[in-house]
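Trainee: Going line by line, the protein sequences match chains U, Y and D.
Just so you know, our numbering puts 225 at position 225 of the first sequence, and the rest follows in order with no gaps.
Just so you know, our numbering puts 106 at position 106 of the second sequence, and the rest follows in order with no gaps.
Just so you know, our numbering puts 48 at position 48 of the third sequence, and the rest follows in order with no gaps.
The hints are simulated quantities; they were obtained by calculation from the structure and are not laboratory data.
It is possible that some hints are incorrect.
Said to hold, decoys possible - Lysine-lysine pairs mimicking PhoX-like chemistry, simulated, CA-CA at most 25 Å apart:
#	chain 1	residue 1	chain 2	residue 2
1	D	K34	U	K212
2	U	K212	U	K222
3	D	K34	U	K206
4	D	K34	U	K222
What the hints assert, rightly or not - Here are some chain U residues the structure puts well away from chain D; computed CB gaps all over 10 Å:
#	residue
5	L88
6	G91
7	W99
8	D137
9	M165
10	M182
11	K222
12	R236
Claimed, not checked - Simulated DEER-style distance windows between Cβ atoms:
#	chain 1	residue 1	chain 2	residue 2	range
13	D	L18	Y	L36	25 to 33 Å
14	D	A29	Y	E223	34 to 42 Å
15	Y	L212	U	R224	44 to 52 Å
16	Y	A6	U	Q235	31 to 39 Å
17	Y	A25	D	L18	31 to 39 Å
18	U	F27	Y	L205	53 to 61 Å
19	Y	L36	U	R140	45 to 53 Å
20	D	A32	Y	A115	57 to 65 Å
21	D	V28	U	L191	41 to 49 Å
22	D	T43	Y	L212	48 to 56 Å
23	U	S220	D	L25	42 to 50 Å
24	D	A32	U	L234	38 to 46 Å
25	U	S237	D	G10	37 to 45 Å
26	U	W108	Y	A25	28 to 36 Å
Source: prediction; values computed, not measured.
From the three backbone atoms N, C-alpha and C, an ideal C-beta is built for every residue, glycine too.
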Amino acid sequence: MAFGRGLRALSIASFVLITGAFALVFFWAPNDADQGFVQKIFYVHVPLGIVALCGFVTGGIFGIKHLRSGDRADDLRSYVAIHISLILAVGVLVTGSIWARAAWGQWWVWDEPALVSFLIVFLLYCCYQPLRFSIEDPERQARYASVFAIVAGAFTPLNFIAVRMAESLVHPRVLSTTGGSMPGEMRLTFLVSIAGMACLFVTLWKYELASKSASIQLRSLKRRLAGDDGLAPLQRSAAPQNL
Amino acid sequence: MRDTVAALIRKDLQLERRSFESVPAMLMFSVTAFVLFHFGLDRGSLEGDLASGVLWVTLLLAAVLGMNRLFVSEREQGGFDGFLMAPVDRTALFVAKAAVLFGFLVAVELVAVPAFVILLLEPGLGQALPELLAVLVLADAGIAIVGTLIGALGVQTRARDLIIPLMALPLLVPVVIAAAEATAPLLAAAGAEPFPVRWLGVLALYDAVFGLLAYAVFDFLLEE
Amino acid sequence: MPALPLDDAGPYVAAAYLVFLGLILVYVAIMATKLGRIEREITDITELVERRDRERAGVPEEERV
Chain U
1 MAFGRGLRAL
11 SIASFVLITG
21 AFALVFFWAP
31 NDADQGFVQK
41 IFYVHVPLGI
51 VALCGFVTGG
61 IFGIKHLRSG
71 DRADDLRSYV
81 AIHISLILAV
91 GVLVTGSIWA
101 RAAWGQWWVW
111 DEPALVSFLI
121 VFLLYCCYQP
131 LRFSIEDPER
141 QARYASVFAI
151 VAGAFTPLNF
161 IAVRMAESLV
171 HPRVLSTTGG
181 SMPGEMRLTF
191 LVSIAGMACL
201 FVTLWKYELA
211 SKSASIQLRS
221 LKRRLAGDDG
231 LAPLQRSAAP
241 QNL
Chain Y
1 MRDTVAALIR
11 KDLQLERRSF
21 ESVPAMLMFS
31 VTAFVLFHFG
41 LDRGSLEGDL
51 ASGVLWVTLL
61 LAAVLGMNRL
71 FVSEREQGGF
81 DGFLMAPVDR
91 TALFVAKAAV
101 LFGFLVAVEL
111 VAVPAFVILL
121 LEPGLGQALP
131 ELLAVLVLAD
141 AGIAIVGTLI
151 GALGVQTRAR
161 DLIIPLMALP
171 LLVPVVIAAA
181 EATAPLLAAA
191 GAEPFPVRWL
201 GVLALYDAVF
211 GLLAYAVFDF
221 LLEE
Chain D
1 MPALPLDDAG
11 PYVAAAYLVF
21 LGLILVYVAI
31 MATKLGRIER
41 EITDITELVE
51 RRDRERAGVP
61 EEERV
């Protein structure tokens with residue numbers, strides 16, 4: 001199971017794209033008319049958010065694959081995708097809060113529908129690892145986790161629609177930049193930033209998959225050599241421990 | 001399939017009638033919550049979106065009590081194994097349990113909503129009753145579907161009363177949004193404002209999506 | 001929304017980008033620990049393989065270095 005294939009090319013691509021994006025942000029993209037320099041946070045906050053959401057949905061897709069095929073590798077892929085997206089989601093919320101504070105003076109604003117929906121999705125996915133951890137049988141743990149990943153993955157877009165409907169009635173949308181129409185330089189910078197974040201996600205994803213797969217294979221190798229007594233017993237874990 | 005569902009529903013209703021666990025608890029909780037809101041908000045009467053919010057949050061939390069108990073008897077008394085051995089469509093269990101939870105919610109609302117009107121609502125309901133019923137039915141369907149799915153997901157875990165609310169409540173946020181937004185104009189003080197039908201559409205979409213999803217996925221929770 | 005002047009805006013923007021950088025570095029640190037553990041496991045396994053090879057070759061246990 002060669003999870004780590006293409007990892008070098010991916011990391012180089014991530015490095016190039018992200019460094020390029022940040023260079024564009026600070027040296028090329030024009031300042032926003034309303035928010036000024038503060039708007040630069042947008043280029044790290046929104047791409048992180050988009051990639052995290054796609055990561056959650058990807059976790060759901062691998063959940064579907066796992067239920068259909070029974071292949072535990074798909075469960076591992078689902079787990080890692082959700083795991084990384086959760087870490088990125090923390091980043092989204094923190095950078096969103098910093099942006100709210102800089103732009104509007106408060107650490108949290110309720111009339112930013114994307115940020116609010118994100119909070120709800122984040123709270124939901126915080127349950128993923130505790131759910132996994134509380135089921136001891138590994139096969140059942142994988143199965144139930146896949147069900148959760150699918151339901152949560154389907155929920156994420158629905159939630160965004162519902163929250164946006166609720167907020168748009170009272171407050172006009174203030175997200176993105178100059179009222180929705182981005183000048184060309186900003187759009188290009190934004191796209192490069194998204195591409196960089198997406199590359200970074202895939203890099204980290206494969207990285208963690210390779211690492212976990214290596215640990216699992218090492219353990220089985222050790223069992224073959226030392227017998228079951230030579231091994232420390234497997235501790236309970238939320239992460240998949242067998243492929 | 002229909003006979004299986006009917007038989008399962010009958011069994012659960014009999015169990016409830018004999019032991020009186022879920023519905024009275026959910027009801028008592030709702031009325032107590034109204035009292036708590038009175039003291040917490042320091043208001044004798046509510047109207048409009050505040051009233052709507054109090055009503056829906058209370059109903060949702062009461063529903064969580066029902067969700068926690070929904071599969072407990074199956075889990076502890078081997079009902080799952082017995083069901084799996086029977087030559088029936090496994091999704092029948094989902095349909096039956098969701099119908100039972102829906103029934104519990106309706107039963108609770110039959111008393112809790114009038115209690116709310118008496119205790120906390122400033123204007124009367126008046127002609128808004130049919131719209132309110134529509135909102136209640138659609139929202140209850142959504143809560144029942146998601147509640148049954150999460151109840152089944154959580155019942156096999158150790159800390160089930162903790163993890164079931166934590167999973168179900170974020171999933172039910174769209175229901176709260178839609179139901180509260182739809183109910184708010186009905187409870188407004190200056191007579192009922194025009195009813196925002198679009199929120200019924202949102203609720204119906206939610207019910208359809210999660211209904212289909214739960215139907216597709218529930219089998220996998222029952223294997224082995 | 002009045003635009004913050006550059007002096008005030010700077011720290012916020014820097015903080016946001018540093019959060020991003022911090023997340024990545026924390027991740028690298030965690031993966032580095034895992035790699036350390038993997039390396040230790042490989043050392044153990046190498047030793048087990050060597051022990052098995054010696055046993056197969058019939059070398060008595062006392063001559064083990």
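Trainee: Are the hints correct? Go through all of them and say.
Mentor: We went through each hint and held it up to the structure:
Taken as a hint, the D:K34 and U:K212 pair is honoured in the structure, with Cα atoms around 9 Å apart against an allowance of 25 Å. Of the supplied pair hints, the one linking U:K212 and U:K222 holds, its CA atoms being roughly 15 Å apart against a limit of 25 Å. Proximity of D:K34 to U:K206 is assessed by CA-CA distance (about 15 Å); at most 25 Å being required, the pair is judged to hold. Annotation: proposed proximity of D:K34 to U:K222 holds, straight-line Cα distance about 17 Å (limit 25 Å).
U:L88, annotated as away from the interface, has a beta carbon of chain D within 10 Å; the closest lies near 7 Å. Against chain D, the non-interface label of U:G91 is violated: not every CB pair exceeds 10 Å, the least being about 5 Å. The beta carbon of U:W99 is not kept farther than 10 Å from every beta carbon of chain D, the shortest such distance being approximately 7 Å. Consistency note on U:D137: stated as away from chain D, and its beta-carbon is indeed over 10 Å from all of that chain's, at 25 Å minimum.
Separation of U:M165 from chain D is adequate, the least Cβ-Cβ distance of about 24 Å exceeding the 10 Å criterion. Non-interface status of U:M182 relative to chain D is upheld: no Cβ of that chain comes within 10 Å, the nearest being about 17 Å off. Not every Cβ of chain D is farther than 10 Å from the Cβ of U:K222; the closest lies at roughly 6 Å, contradicting the non-interface assignment. Look at U:R236: its CB is around 18 Å from the nearest CB on chain D, clear of 10 Å, so calling it non-interface holds up.
Hint check: D:L18 to Y:L36, Cβ distance near 43 Å, so the stated range 25 to 33 Å is violated. One distance hint, 34 to 42 Å for the beta-carbon pair D:A29 and Y:E223, holds here, with the actual separation near 39 Å. A hinted range of 44 to 52 Å for the beta carbons of Y:L212 and U:R224 is consistent with their spacing of about 46 Å. For Y:A6 paired with U:Q235, a C-beta distance near 46 Å fails the hint of 31 to 39 Å.
Separation of Y:A25 from D:L18 is about 50 Å and departs from the stated range, judged on CB atoms against 31 to 39 Å. For the hinted restraint 53 to 61 Å between U:F27 and Y:L205, the CB-CB distance of approximately 45 Å leaves it violated. Checked against the hint of 45 to 53 Å, the C-beta distance between Y:L36 and U:R140 comes to roughly 39 Å, which is inconsistent with it. Remark: the range hint 57 to 65 Å for D:A32 to Y:A115 is upheld by a beta-carbon distance near 59 Å.
Between D:V28 and U:L191 the beta carbon distance is about 26 Å. The supplied range of 41 to 49 Å is therefore violated. Between D:T43 and Y:L212 the C-beta distance comes to about 52 Å, which sits within the given range of 48 to 56 Å. Checked against the hint of 42 to 50 Å, the pair U:S220 and D:L25 fails, with Cβ atoms roughly 32 Å apart. A hinted range of 38 to 46 Å is violated for the C-beta pair D:A32 and U:L234, which are about 23 Å apart.
Remark: the range hint 37 to 45 Å for U:S237 to D:G10 is upheld by a beta-carbon distance near 43 Å. Checking the proposed 28 to 36 Å range against U:W108 and Y:A25 shows it holds: the Cβ atoms sit about 35 Å from each other.
Violated hints for the displayed structure, listed by number in ascending order: 5, 6, 7, 11, 13, 16, 17, 18, 19, 21, 23 and 24.
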